[in-house]
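Student: Sequence:
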Amino acid sequence: MVGTEFSGEVIMRNKNLGLNEYKFLLKAIVSSGIGEQTYAPRIMFSGREESPKLEDGILEMEEFFHDSIEKVLSRAGISPQEIDLLVVNVSMLSTVPSLCSRIINHYKMRPDIKSFNLTGMGCSASLISLDIVRNVFKSYKNKFALLVTSESLSPNWYAGNDRSMILSNCLFRSGGCAVLLTNNKSLKHRAMFKLKCLVRTHHGAKDESYGCCIQREDDKGRMGFHLSKSLPKAATRSFVDNLRVITPKILPVRELVRFMAVSLLKKWNVVRHGSSHKGASQGPIKAGVNFKSGVDHFCIHTGGKAV
Numbered sequence: 001m002v003g004t005e006f007s008g009e010v011i012m013r014n015k016n017l018g019l020n021e022y023k024f025l026l027k028a029i030v031s032s033g034i035g036e037q038t039y040a041p042r043i044m045f046s047g048r049e050e051s052p053k054l055e056d057g058i059l060e061m062e063e064f065f066h067d068s069i070e071k072v073l074s075r076a077g078i079s080p081q082e083i084d085l086l087v088v089n090v091s092m093l094s095t096v097p098s099l100c101s102r103i104i105n106h107y108k109m110r111p112d113i114k115s116f117n118l119t120g121m122g123c124s125a126s127l128i129s130l131d132i133v134r135n136v137f138k139s140y141k142n143k144f145a146l147l148v149t150s151e152s153l154s155p156n157w158y159a160g161n162d163r164s165m166i167l168s169n170c171l172f173r174s175g176g177c178a179v180l181l182t183n184n185k186s187l188k189h190r191a192m193f194k195l196k197c198l199v200r201t202h203h204g205a206k207d208e209s210y211g212c213c214i215q216r217e218d219d220k221g222r223m224g225f226h227l228s229k230s231l232p233k234a235a236t237r238s239f240v241d242n243l244r245v246i247t248p249k250i251l252p253v254r255e256l257v258r259f260m261a262v263s264l265l266k267k268w269n270v271v272r273h274g275s276s277h278k279g280a281s282q283g284p285i286k287a288g289v290n291f292k293s294g295v296d297h298f299c300i301h302t303g304g305k306a307v
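Mapping to UniProt numbering: the sequence shown position 107 is 107, numbers consecutive.
Misleading hints may appear alongside valid ones.
Stated by the list, open to error - Between beta-carbon pairs, the in silico distance windows are:
#: 1; residue 1: His301; residue 2: Gln215; range: 16 to 22 angstroms
#: 2; residue 1: Arg75; residue 2: Val295; range: 25 to 31 angstroms
#: 3; residue 1: Arg75; residue 2: Asp241; range: 36 to 42 angstroms
#: 4; residue 1: Met1; residue 2: Ser51; range: 20 to 26 angstroms
#: 5; residue 1: Ser186; residue 2: Leu59; range: 57 to 63 angstroms
#: 6; residue 1: Phe45; residue 2: Pro111; range: 38 to 44 angstroms
#: 7; residue 1: Asp131; residue 2: Met192; range: 16 to 22 angstroms
#: 8; residue 1: Ser186; residue 2: Val245; range: 51 to 57 angstroms
#: 9; residue 1: Ser293; residue 2: Ser101; range: 44 to 50 angstroms
#: 10; residue 1: Val30; residue 2: Arg200; range: 31 to 37 angstroms
#: 11; residue 1: Arg190; residue 2: Asn20; range: 51 to 57 angstroms
#: 12; residue 1: Gln215; residue 2: Val30; range: 22 to 28 angstroms
Stated by the list, open to error - Capping the alpha-carbon separation at 35 angstroms, the derived lysine-lysine pairs in DSBU-like fashion look like this:
#: 13; residue 1: Lys53; residue 2: Lys108
#: 14; residue 1: Lys53; residue 2: Lys229
#: 15; residue 1: Lys188; residue 2: Lys249
#: 16; residue 1: Lys114; residue 2: Lys194
#: 17; residue 1: Lys292; residue 2: Lys138
#: 18; residue 1: Lys71; residue 2: Lys108
#: 19; residue 1: Lys292; residue 2: Lys188
#: 20; residue 1: Lys114; residue 2: Lys141
#: 21; residue 1: Lys53; residue 2: Lys15
#: 22; residue 1: Lys185; residue 2: Lys114
#: 23; residue 1: Lys249; residue 2: Lys233
#: 24; residue 1: Lys188; residue 2: Lys108
#: 25; residue 1: Lys249; residue 2: Lys114
#: 26; residue 1: Lys229; residue 2: Lys249
#: 27; residue 1: Lys249; residue 2: Lys267
#: 28; residue 1: Lys15; residue 2: Lys220
#: 29; residue 1: Lys292; residue 2: Lys229
#: 30; residue 1: Lys229; residue 2: Lys15
#: 31; residue 1: Lys188; residue 2: Lys114
#: 32; residue 1: Lys233; residue 2: Lys267
#: 33; residue 1: Lys196; residue 2: Lys266
#: 34; residue 1: Lys229; residue 2: Lys143
#: 35; residue 1: Lys27; residue 2: Lys15
#: 36; residue 1: Lys143; residue 2: Lys292
#: 37; residue 1: Lys292; residue 2: Lys27
#: 38; residue 1: Lys292; residue 2: Lys206
#: 39; residue 1: Lys267; residue 2: Lys292
#: 40; residue 1: Lys249; residue 2: Lys292
These aren't lab readings, by the way, just hints derived from the structure by calculation. Note that CB positions come from ideal geometry on N, CA and C, so glycine has one too.
Could you put together the complete structure from these sequences and hints?
Tutor: Here's what the structure looks like:
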């Protein structure tokens, strides 16, 4: 397991770091909120993180795939041959044959299975995969889909000293999940969750958003992932635009009506008294949306506190 002490040992192995970089990384690890029982690739424990091989990345993925897929299929009582759709997303590892094909070969799945292998999609990859399943389910009824999501850390360790690139070494750990989905209504009593709606927002056309997380080489030719200072701002803009679309889909009518009424009252108050009016006895009217009226749980991005 990767605790704070072991993380410090890994950082000390990087001879390209100065004292300020050591302090920066240790502070980032301690304040990240990542627990003491997370996992890392095997090459981290053998001290080979700066000289990975292709087989290290493949082994890391196959170990996870075989364990998670076998568990989810066993619990559901479904055989691999019953899977109609397979979607795999691993952003930072692209192999030939694809990871999707490796899973199909290992489990000897049917020749008519529909498969999708996503790479380079970043933190949104899981929801993009889910959107693919949702769209396929619109055309095919009574099908099973297997969604597998993970990330390959073995070949993507940054060994330089660029602060905008070494931060990614602190934020990610090994792991992932396998999810079994179906649109067979007769099995709804066995389902743990139901997908009610899904909204995607893509800001790739905006240069600031496009460049906030990008793979590149530093001035010494060392490959890594650059996280720009515009990342929190770009993420906030995406959240706001996404919420504008998804909010009417998830909140009850009474909350939407309340918000509309309060907003209109606030505007009318401003028009009547002016924004600088100080004689109001009740103070400013807040027109905030109560998301808890329609949302039971919030799953917040774990990549960084600012986001």
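Student: Of all the hints numbered above, which does this structure not satisfy? Sort the numbers upward.
Tutor: Per hint list: 5, 8, 34 violated.
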